[in-house]
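Use these hints to put chain Z onto chain G, whose structure you have.
Respectively, the protein sequence lines represent chains G and Z.
Sequential numbering of the first sequence, starting at 1396, is according to my numbering.
Sequential numbering of the second sequence, starting at 125, is according to my numbering.
Because the hints were derived from the structure by calculation, they are not lab data.
Careful: at least some of the hints might be erroneous.
[To be verified] Over 12 Å on every C-beta distance to chain Z, these chain G residues come out as not near it, computed from the model:
| no. | residue |
| --- | --- |
| 1 | Pro1434 |
| 2 | Pro1439 |
| 3 | Met1445 |
| 4 | Ala1454 |
| 5 | Lys1464 |
| 6 | His1473 |
| 7 | Trp1474 |
| 8 | Lys1512 |
| 9 | Phe1546 |
| 10 | Ile1564 |
| 11 | Ser1589 |
| 12 | Gln1592 |
| 13 | Val1642 |
| 14 | Gln1675 |
| 15 | Val1676 |
[Unchecked claim] What follows is a set of in silico ranges between Cβ atoms, one per label pair, in the way DEER data are often shown:
| no. | chain 1 | residue 1 | chain 2 | residue 2 | range |
| --- | --- | --- | --- | --- | --- |
| 16 | Z | Gln425 | G | Lys1583 | 22 to 30 Å |
| 17 | Z | Thr363 | G | Pro1725 | 55 to 63 Å |
| 18 | Z | Leu202 | G | Ala1454 | 51 to 59 Å |
| 19 | G | Tyr1720 | Z | Val192 | 33 to 41 Å |
| 20 | Z | Val218 | G | Pro1508 | 44 to 52 Å |
Positions of the beta carbon are idealized from the N, C-alpha and C atoms, including for glycine.
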Amino acid sequence: MLTYALRRIMLAIPTLLFISLVIFLLLELSPGDPLGDVPLTVPPEVKEKMREALGLGQAWYIRYVLWLKQFFWIEPLHWVDQLLGTDFSRGAQRIISFQSRSPVFDVIAERIPQTLKVVGFSYLVGVLIAIPIGIISAYKQYSWFDQLGTFISMVGFSMPTFFTGVVFIIVFAVNLQWFPSIYDTTLKVTDWASFWQQVRQMAMPVTVLALYNAAQISRFMRASMLDNLGQDYVRTARAKGLSERTVVLKHVLRNSLIPVVTVIALGLPAVFGGAIITEQVFKVNGLGQLLISAIHSNDIPMVLTLTFIFAILIVVFTLIADILYGILDPRIRYD
Amino acid sequence: MTENPHDALRSAELIRDSAATAAAGPGGALLPAGDPAAVAAAPNLTPASRSQWRDVWRQFRRHRGAMVALVLFAAIVLFVTVGPYIWTIDATFVDIRARNKGFSAAHPLGTDQLGRDMLARLMKGGQVSLAVGLTAMLIAVTLGTVIGILSGFFRRLDAPLMRMTELFLALPLLPLLLLMVTLFREPLGQAMGPGLGTFVLIVSAIGATSWMQAARIVRGDVLGLKEREFILAARSIGTPNLRMMTRHILPNVLSPIMVAATLGIATAIITESALSFLGLGFPPDFPTWGRLLYDAIEQMQMYPWRVILPGVFISLTVLTVNYIGDGLRDAMDPRIRGR
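Next comes chain G alone, as it looks inside the complex (with noise of 0.2 Å):
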C-alpha cells in the first residue's frame, strides 16, 4: 500500500509538469498580446521596454522555467516567511498579475473563502440529499420513490446549472423576492441579522449546486445499494436473525459507501470546474469568476496559475480517491 501511494505520487510529478507544459504552450501559441491596449502613440522602443518589464523578453522556455521556479520555489517560501517572520524570500520576484499588478497568490487567497463556502457547502448538502436517496431507491427497487428518484435524477443532471439558477432567481428573487439575486461578497457576519442575510443569500446558489451534485452522487448510491443487496452475506446477516434495520444500514450501507467515496472525492475538483458557471449567474467573486476576468483581459499569469490550481486539485484528488478505495476496501491490492 506504501509503496503503491509512492509510486502513484512520484507519477504524478511529470503529469503535472506535463499539464503545466501544455497549459504554458497553450497561452504562448495564443494570438492575443498582453500590450495590446497600450495606445499607438506610445513609441516601440517604449513597448519594449514594456514588455521586458513584465519579463516578457526571453525566449519561452526560459520563461518557463522561471515560472516553475516562483511557483514551486518562491511562492511556497513566501509562505514560510509569512508563518515563521523569517526572510528566505527577499528581493525574489513572485509571480505578477498582469490586471492588477498585485501577486497572483494574494488575489487567490482573497477569492478562495467564497469559492469554498458556496461550493464547499453546496457539495456538502449535495451528498447528505443523495446518500438516504440512493438508499431508499435501492431498498424499494422499482417502486414509485424509486420511478420518481431516477426521473428527478435524470432531470437534475439534464439542466445545466446555468439554466436552474436562471430560474431560480426569476421565481425567487423577482417573483416572490424571497432572496437576493447577486451575492454580496463585502457582507460580514457580525450579528444575527447579517448571519440571516448571509443565509439568504447562499441559499440560491447552494441549492442549485446540491441538487445538480445530488442527482449524480445518489444514482452511484442507488447502483452501489443494488450490488451489495443481492450479495449472499446480506442473507446470511438475515438468516441470523438481524433486524434489516440493521442488515440494510450496518453491513450493506457500509460496503455501499465504499465506491461512493471514491466517487465523491473524484467529484470534488469538478465541483470547482462547474462552479464558474454557478458563480457567475449568482456573481459570486470566487475564483471561477476571477479564471473568467482573468481570460477576458489577457491577464497570462493569473490564468495559467489558476488553471495549474485547477490541474493539481484533479491530480491530488484522484491520488486520494484510489488511496482511499484501497484503506477502505482491503480486498483491493495493489502490488
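Same frame as chain G, but now just chain Z:
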C-alpha cells in the same frame, strides 16, 4: 426499466438466453442466433429475420422512458429541421417596431429586443446546437474508438496511449476550453468567417477534450475480445491486422460505442451552451440555444420567457438524449436483455 406484463414472452427470452450461452459459438453471447424456442414463442417471426439489431430494438421498445424520449427527440429534430420551411420568418430579420412583443398570432413565441421572431430564432438556434452536439460527438467517438482499439489491440501501444488518456483526464477541461475558445476565436473567425470559424473551433475543442471515456471503455472490451476463439480463427487463416480490426473487432465493440456516442451528444450540447452562456461561444447575431439564453439574461426581470424557452429546449434535448442512452445501454447489454 419497466416491468414486462407478457409472461410468455419473458420465459421465451429466458430460454433463448440460456440456449444462446450454451451454443456460444463465434461471438455467441453478443449474437444469439435464431433458435427454436424463441421462434416457437413468436411464430410470426421467421428465423431469417432475427438479428442482433432486431433484438436490441425489441428490448429498447420495452424501456418506456427511452421510447417517450425517442419520440420527443424526433419531434425536436423535426422542429429545428423542417420547422423553418413551415414558419418562414427569417431568424435575423430585425423589425424594431415589433420589439419585445409577447405571445401573439404574428409571433407565437414573441419577439426579442430587436423585434426578431423568437420561434424562428429557436429553430435556427436549435440547428446550430444540435449540429455542434452531433459533430463534436462524432469527433470524440472517432478519436476514442481509434485510440481504444489501437491500445487494446497492439500491446506495445497500450501503455503510452493509456498514459496519454490519463493525462487528458487530469486536465482541467472547462478552464482549458474557455482558454482555447478565447485565444483562437478571432484568428479562426478571420480565416473562415465568424460563424464557421467558431463552429470549427468549438466542435474540435469539445471533441478533443471528451474522447477519453470512450477510449477506456473500448480498450477494455477489445482486451476481452482478443482472447476469444473467433479472433484466433481469423488470425489462423492469415487475416491482416487492419482487416482484423475493422471486420472482427469493431463490429463487436459497436454497442458500447453507440451508448458513449448518445451520451456524448448530451455533454457536447451542454458544453456548447455553457460556453455561449459565458459569452465565449458564437458571435452575437448567430443564434444558438445557449446564446439566446445568454442574450436574454439582461432583461430577464421583464421578459422571463425569453430565458426560459431556450433553457427548456436545452434541458429537454439533453434529457431525451440521456434517456435514449440509458435505454440503449439496457437494450445492448446481453446480461440485462430479457429481464
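Verification of the hints:
At the 12 Å boundary, the C-beta of Pro1434 of chain G stays outside the reach of chain Z, the nearest C-beta of that chain being 20 Å off. For Pro1439 of chain G, the non-interface assignment is confirmed: its Cβ lies about 23 Å from the closest Cβ of chain Z, beyond the 12 Å cut-off. Consistency note on Met1445 of chain G: stated as away from chain Z, and its beta-carbon is indeed over 12 Å from all of that chain's, at 21 Å minimum. For Ala1454 of chain G, the requirement that its beta carbon stay farther than 12 Å from each beta carbon of chain Z is met, with the minimum near 20 Å.
Separation of Lys1464 of chain G from chain Z is adequate, the least Cβ-Cβ distance of about 22 Å exceeding the 12 Å criterion. Remark: the non-interface label on His1473 of chain G is consistent with the geometry, its nearest Cβ contact in chain Z lying 24 Å away (cut-off 12 Å). With a cut of 12 Å on Cβ distances, Trp1474 of chain G stays outside the contact zone with chain Z, its closest approach being about 23 Å. With a minimum CB-CB distance of about 21 Å to chain Z, Lys1512 of chain G clears the 12 Å threshold, and the non-interface call stands.
Look at Phe1546 of chain G: its CB is around 8 Å from the nearest CB on chain Z, not clear of 12 Å, so calling it non-interface is violated. Distance check for Ile1564 of chain G against chain Z: the nearest CB is about 7 Å away, which does not clear 12 Å, and the non-interface claim fails. The beta carbon of Ser1589 of chain G is kept farther than 12 Å from every beta carbon of chain Z, the shortest such distance being approximately 26 Å. Look at Gln1592 of chain G: its CB is around 21 Å from the nearest CB on chain Z, clear of 12 Å, so calling it non-interface holds up.
At roughly 24 Å, the least C-beta separation between Val1642 of chain G and chain Z is larger than 12 Å, which holds for a residue marked as non-interface. Consistency note on Gln1675 of chain G: stated as away from chain Z, yet its beta-carbon is not over 12 Å from all of that chain's, at 6 Å minimum. Under the 12 Å C-beta cut-off, the non-interface status given to Val1676 of chain G relative to chain Z is violated; the minimum distance is some 8 Å. At about 28 Å, the CB distance of Gln425 of chain Z to Lys1583 of chain G agrees with the hint of 22 to 30 Å.
Distance hint check: the CB atoms of Thr363 of chain Z and Pro1725 of chain G are about 45 Å apart, inconsistent with the given range 55 to 63 Å. Our hint of 51 to 59 Å for Leu202 of chain Z and Ala1454 of chain G holds, since their Cβ atoms are close to 56 Å apart. Taking 33 to 41 Å as the suggested C-beta distance range, the pair Tyr1720 of chain G and Val192 of chain Z conforms, at roughly 37 Å. Between Val218 of chain Z and Pro1508 of chain G the beta carbons are some 46 Å apart, a value that agrees with the proposed interval 44 to 52 Å.
In summary, the structure is inconsistent with hints 9, 10, 14, 15 and 17 from the numbered list given earlier, while agreeing with the others.
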